[in-house]
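There are 2 protein chains.
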Amino acid sequence: MAGKIAILGATGPEGSGLAGRWARAGLQVVIGSRDARRAQEAAAQLGARVGAKLEGADNLTAVAEADIVVLTVPFPEVPSLLHQLRSAWKPGQIVIDTTVPLAATVGGGATRVLGVWQGSAAEQTRELLPKEVQLAAALQNLGAELLAGDQPVDCDVLVSGDDEQAKQTAMELVEKIPGARALNGGKLENARIVESLTALLIGLNIRYKVHSAGIRFTGLPKTK
Amino acid sequence: MAGKIAILGATGPEGSGLAGRWARAGLQVVIGSRDARRAQEAAAQLGARVGAKLEGADNLTAVAEADIVVLTVPFPEVPSLLHQLRSAWKPGQIVIDTTVPLAATVGGGATRVLGVWQGSAAEQTRELLPKEVQLAAALQNLGAELLAGDQPVDCDVLVSGDDEQAKQTAMELVEKIPGARALNGGKLENARIVESLTALLIGLNIRYKVHSAGIRFTGLPKTK
Numbered sequence: 006m007a008g009k010i011a012i013l014g015a016t017g018p019e020g021s022g023l024a025g026r027w028a029r030a031g032l033q034v035v036i037g038s039r040d041a042r043r044a045q046e047a048a049a050q051l052g053a054r055v056g057a058k059l060e061g062a063d064n065l066t067a068v069a070e071a072d073i074v075v076l077t078v079p080f081p082e083v084p085s086l087l088h089q090l091r092s093a094w095k096p097g098q099i100v101i102d103t104t105v106p107l108a109a110t111v112g113g114g115a116t117r118v119l120g121v122w123q124g125s126a127a128e129q130t131r132e133l134l135p136k137e138v139q140l141a142a143a144l145q146n147l148g149a150e151l152l153a154g155d156q157p158v159d160c161d162v163l164v165s166g167d168d169e170q171a172k173q174t175a176m177e178l179v180e181k182i183p184g185a186r187a188l189n190g191g192k193l194e195n196a197r198i199v200e201s202l203t204a205l206l207i208g209l210n211i212r213y214k215v216h217s218a219g220i221r222f223t224g225l226p227k228t229k
Numbered sequence: 006m007a008g009k010i011a012i013l014g015a016t017g018p019e020g021s022g023l024a025g026r027w028a029r030a031g032l033q034v035v036i037g038s039r040d041a042r043r044a045q046e047a048a049a050q051l052g053a054r055v056g057a058k059l060e061g062a063d064n065l066t067a068v069a070e071a072d073i074v075v076l077t078v079p080f081p082e083v084p085s086l087l088h089q090l091r092s093a094w095k096p097g098q099i100v101i102d103t104t105v106p107l108a109a110t111v112g113g114g115a116t117r118v119l120g121v122w123q124g125s126a127a128e129q130t131r132e133l134l135p136k137e138v139q140l141a142a143a144l145q146n147l148g149a150e151l152l153a154g155d156q157p158v159d160c161d162v163l164v165s166g167d168d169e170q171a172k173q174t175a176m177e178l179v180e181k182i183p184g185a186r187a188l189n190g191g192k193l194e195n196a197r198i199v200e201s202l203t204a205l206l207i208g209l210n211i212r213y214k215v216h217s218a219g220i221r222f223t224g225l226p227k228t229k
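Chains as they are written, first to last, in my numbering: chain U, 6 to 229; chain E, 6 to 229.
If you are wondering where the hints come from, they were derived from the structure by calculation, not from laboratory data.
A couple of the hints might just be wrong.
The list makes no distinction among identical chains, and a pair is therefore deemed to hold if it is satisfied within one copy or across any two copies.
Pairs of lysine-lysine, DSS-like flavour, derived with a Cα cap of 30 Å [claimed, not checked]:
#1 214 x 95
#2 58 x 181
#3 214 x 181
#4 192 x 214
#5 192 x 227
#6 95 x 9
#7 58 x 95
#8 181 x 227
Work out the full structure: start from the sequences and follow the hints.
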């Protein structure tokens, strides 16, 4: 797997965690943000912490340069971001949607998800992207606290999508995170279930007073 | 934990699996069915297989005798069953709802769930039960194939509900199944997420050509 990965929203904790993990794994990472200066500062700080070089750019520039674009902005910001990016996409680019329609993103409870007309955040993203861009939904269940350090995670990552190449790429990216196992999550519509799992994990974190509840699936073959 | 457990629908594979596990653990189990004769035959067969004595009765009789009632009938049969049972309940009885509104139960896809007006099968059940009866939702993610044998399962079981005593009882019953760890799944509304997980597990079974995908949560404290 080659190419440049733009992580939009990587000035936030989730995107920053992914950026750090992938930069440490030797991948080319660009941090995207509304503000180029802020993105560059975040890239420099994160690069110093993980011992790797990252770039920073405004979202449009980041997307224009990238082969893979990862969405880590809060759910309510996705439609306007994708509207702003609508002329920036190039055929063959791959988008990985990690967003979750948590009710907390609009002031609701941390353990609930919003109803999304299309069925899930990922299906909404699919509707807002041009057809020439491939989409996979992944990484919704890996919390920022798990990604922050350099410890291996103890988690499976379901990758859902209707575009095989995007799924394959997302699964390869997932397995660059130590400890993470990528699983074929089936069609994009399954993101409905995977996204809601994040709310369940937040509830477990609250009830069990931890910060890093994760998920593993049992009974699967050893080889994928 | 004491008392008699009536499992309604235990002539089917899921209920039969639970009946076998709990009878083997020394609990008093009554298999409930529409037809008393069929329930008695199933109880005798299962008893011979697991080396324990089980009873069989029609649903009304089973509920009248039970301290704990476990629903394992297919989702579309729940409303009429609860309607039929409406005069049979006694205050203090505990109901454990294991049902999942799989689309397959009405001829749809195996990897999808139906929309339920109340939010979940369990919340619908709550609406159809008298207030004096306590409810917990649990065991939706333990497949019949996993329950069929006597091997330990490698699965966590989320127990959701708004009635503390029912949750506690359900958690104790879960831990009578070797290998199963009961987890506090929070409020009854979380059954929405837990039920949909069953559809996800069925999808993993299909994609990975296995029959016993299960779920474990990581990052939780060792003691509950």
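In rising order, the numbers of the hints this structure does not comply with: Structure breaks hint 1 only.
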